[in-house]
Each structure stands twice: as C-alpha cells, then as structure tokens.
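*Asks:* Chains as they are written, first to last, in the numbering used here: chain A, 1 to 314; chain B, 1 to 285.
What the hints contain is simulated information worked out from the structure, not anything from laboratory work. Cβ coordinates follow ideal geometry from the N, Cα and C atoms, glycine included. It is possible that part of the hints are untrue.
[Said to hold, decoys possible] Derived coverage of chain A by chain B (criterion: at least 3 residues anywhere in the stretch with Cβ under 8 Å from a Cβ of chain B; other residues may be distant):
(1) 53-62
(2) 72-82
(3) 91-101
(4) 105-113
[As the list claims (entries may be wrong)] Not close to chain A: a few residues of chain B, all C-beta gaps over 10 Å, as computed:
(5) Ile2
(6) Ser35
(7) Val60
(8) Glu62
(9) Ser64
(10) Ala117
(11) Gly151
(12) Asp164
(13) Leu170
(14) Phe178
(15) Leu179
(16) Gly224
(17) Val235
(18) Phe242
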Amino acid sequence: MGRAVSQAVIETRGLRKAFGSVLALDDLTLRVPAGSIFGYLGPNGAGKTTTIRVVLGLLRPSGGEAYLLGEPVTPGSTVLSRVGAMVERPAFYPYLSAHDNLLLFASARGLAPSRAAELSDLALGRVELTDVARRKVGGFSTGMRQRLGIALALLGDPPLVILDEPTAGLDPEGMIDVRVLISGLVRDGTTVFLSTHLLAEAEQLCTQVAVLHRGRMVTSGPTADLFAARQHLWLRFAAPTDRDAGIRALAAVGIAAEPDDALSCTVATEADGTRVIRYLADAGIYPAEVAVRRPSLEQLYIELTGGKGSEPAA
Amino acid sequence: MIGLLRAEWLRQRKRRDIWLVALALVALSIPAYVSGVSNALVNIGYIPEPDFPPDFIEQVQEQSRQELLRYAFPMSIGTVIQNGQILILALVAYLAAAVTGAEFAYGTIRTSLVAHADRRGFLIVRLAAMAVTALLLIGLLVVLGALLPLGASLLGTSLPEVADPDIGGLVGFVAVTFLATCFVIGLTTLWAILIRNAAIALVLTIAYVLIEGAVVGLIVRAAGEDSVVRWLLPVADLQLLFGRVSGAQMGAEMPTLSAISVGIAWVLAFWAASVRVLARADIRE
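This is chain A alone, in the form it adopts within the complex:
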C-alpha cells in the first residue's frame, strides 16, 4: 500500500492516566511502526485497555501525548475516523440486526447509505456472519458478537486496526479464522495493534511486541530481537566427565557455561555457536547433541513481569 515502514501509526510520549489515586498508565512511551502486527501484552489490569482508550480519545490523559497516524489525539480528533477499533467486549444495540448495527456506525462515520450498506455486507462476509446478518444482535452468542466487533473494526478498510482481545470468547476454529484474517490484513498493508494476553497468539502473529506491567512499559521491540537476546546454546554430552571437561575448556577461553544436569549445560546467549563447537573440538570434546534454544514468549513474559498480576486499572 506504499506506507513508509518507519512511520509510526501509534505513538505515545510520556503518557499518564490516573483514576483518582490509581495510576493506570505511568510515563508510557510507545511506538507502533506502520505495517506491523504489534502485540501489546500484559497481565489483567496492566493498563492495556486504558492505553487503547486514551489512544482512541475515549479517555483524557492525565499527562503526556498520544498520536495516531501522525496526528495528535484529543476527544473528537478527525484522525479517529481513519482507525478501526474493537475495545474490550464489543458493544452493539441489541434491538438492531448485525447489518443495521454496522450500517448505523458506518452512517455515523459519514458514509453514504449505499456505500455504508455495501461495506457492512462486505465486513460481515469477512467474519462469516452473512447468514445471520438480519438477526438481532441481542440473540448473538459471545463469539458472534466478537466477530461482529471485528467486522466493525474492519469496516471501510482503515489503515490502522486496533483489536483488544479479539479472540476472547471464540472457539478454536474461530480463533484460527481470526488469526488468518489478521495476517491477511497486514499483507494488504494494514497495521494491526493487537492487545492480548494470549501469548501463543502474540508469538504466532506479532512482528513487534511491547510488554506492559503496572502501567509501565517493560520492554518493546521486534519479536525476533526479544528472543534473540535471550536465546542460548544447549549442549548434551555422552558422559558427565565430558560435560565437566567441556565447561572447563570453554571457561579457559572466557565462555561461561552453566551445568543443567549431569550430561548437559547451557552457554550464554552472546556466544557464537560455531566458535563454541570449535573450542570444544580443539580440546578434543565432542557434544552428542547441540541445540539453539530460546524461551517461549510465556517464559519471557513471566521473566519481564515477575509473573505477577497488576493493580487493577481501568
């Protein structure tokens, strides 16, 4: 779609949001590059939804600035009309059909009736709700509402889609469908900001992640870099004596290796695997098995957040 990769579609600088004495966001600086699937991770109450609400102009920040597509966000900003969003559990008028709900919100965005109807049908088709388009939303299951929320966010193909827990309430098949849909969006040039606590989902989909904990950013960057910085070399030897000899040989050239069990050890991340093998070979020690291991996003997340939940935030 020709968007500059370096351009930030969401940017916050020193963002703060307090609810009374509770600080939900504290000096949050975030940059979401265009064309990415940006995973916004954090335990319940970390401030993920508060961030989204501030960025969408639903909440006024207590301090700092937020920008969308390069424009400052304030309640009423026109830039918001170019963003598709699903915030928390999707809310619709229960007495209206799925089609009428989308039609209503498309009309509110200023689309002409025929265009609004066309885009509503298209969006319902993308989330496979065409068959129930004329049914009242009041009778929809959680999963159907979730799909409708995604349809609303996709209405009119906005350049930025913000999805807050999009797969919550979906069955496994539905989750896969949504993930495929999200991947497709990015191929078409859309940036997806995905707030989730489903780490497997983030690991599978996201090119960039940020981890939020108690309203503060813990880490942020390309998903691959986060893992690369924490990957390690795992070595297994045929005998415990080989393992001990290997650890000693590596220590002699300044490479620290930590024993895991009687037969295996782990070499710190920075070490170059080829060099490690060569040093061992020079010492006449040959590992039986070598593997580059990286922590799962779950392990990384627990490591970064201390594995604890947050103070409740909005």
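Chain A is already provided as a structure; the job is to place chain B on it using the hints.
*Replies:* Leaving out everything else, chain B in the frame of chain A:
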C-alpha cells in the same frame, strides 16, 4: 452531520419503546376525551331540583356548554394536548433517560464515539432527534385532537360549532408544550450523562421538579407573591407559560415575551451543559 442524523434515525425508529410511548399516548388520550365529552353532555342534560333558582340552573348549563366547546374542533386539539400534557412530559423524560442511559448500559457509547469521535456533534444530533420525536408525539396528539370530534359525530354525538376559535392560543399551547419537552430532554439527558444510569436520571428529573417547587415556595415566602424571581426558575416559568396559553391570570408581573425568553434560555443552558459534560467525560464503559 447528515450521516449522524441517518444513524440516529435508524437507532430511534427501531426502538420498540418509542412506538409503545406513541401507542400509550393514543391509548390514554382517547378515553380521556370520551370521558370529558360524556361528563359535559351529562351536565348539560342535568335536571335540577325544582326549587333551584332559574339563573343558577342557566349558569350551570352554560358552563357545561362552554365545557363541551372544548371538545369540538378545533378547540379539541388544545384539550387533547392539555389532557396529555403531563403524560407527554413524563414519556419524553423516560425516552431521554432510556435513550442516553442505554448507551452507557449497553456500552454502545464507546462504539458510537469510536465510529464518530465528535462528541458535541453526536449529542447535538441526539438531542435534536429527541426533540423531533417529541414534536412528532405532540403532532400525534394534534391529529388525535382533530380526529376525535369527527369520530364523536360519526358515533352520533352532537358537538357545538366553535364560532370564534382561538387559533393563536392553540398554536401557543403546542409551542409551550414543545418548549417544555425540550427542557425535559435537556434536563434528563444531563442527568443520564452525569449518572450514566437511565432509572436514576428519571428519578432525578422528578426530584428536580419537586425541589424547584419547594424553592419557589421559599421565594414566595421571602419575597412575596408578586416577586418575579420565582418565574426565572425553569419549571415555574413553564407553568407560567402554560397558564398564559390557557387564559389563566397568573404571573401578571412577568411579560409573556420575557417568560418565553427565560424558557428558551433554560433549554439552551441544559442542552449546552449536556454537550459540555459529554465532551469532557472519560468514557470508561
């Protein structure tokens, strides 16, 4: 703005309670009219005790004839609106509380403001749409007021002809009723946005009317019956206007034009306050 109006039209016309409110207005106005006509006819046909003075009997029958005139076209329109006045205000208060309160209850305020971020525009269109709905409800009473005498004559009831209808008074009655509904819409919407709960908003609107009545009582006690100050309060001002269009001699010290200006100022103040509160609110729903 046109898009917002289209959205509001879709949102409101599919609300079942709006149609129920319209139905309730019709259902309650017809028996009130029938009962009023019946009472007037019974009084005209009243045969008094023989020892009653003839001029007293004549006076009673003249009063009944005048009463019956209220049910003849076009005065029937004013009568139907007057009978339905409290009802229409209560139903409009309900609608204002329900329509705005539901946005917070369903959480659709969030979806609406993400779809259309201009909160001022959103609420101005919402208030205007509710005012139009109120106007349509008043229009329904006007139509009913015009049709009921026709229905009565078709059923064989003979209603007198109104020789000199007070059309200006009728228009004034419709206008004041509309002004009152606009005030109720503004007041109830403001509560609904502040409290974010339809039922409590409705209760607070009723409470406001009662509290203002008490304040008016205090003003009268402190400053006397002739004090203009009490007419500066919205409910009292609307009561004054209703009195004027009904021909009652009340609030002589406050000119009608001033009373209309006070009423419009209060409507604008409550509408503006609602818009301002929503524009500055944190949407946490």
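*Asks:* Could you tell me which of the numbered hints above are not met by this structure, giving the numbers in increasing order?
*Replies:* 5 and 10
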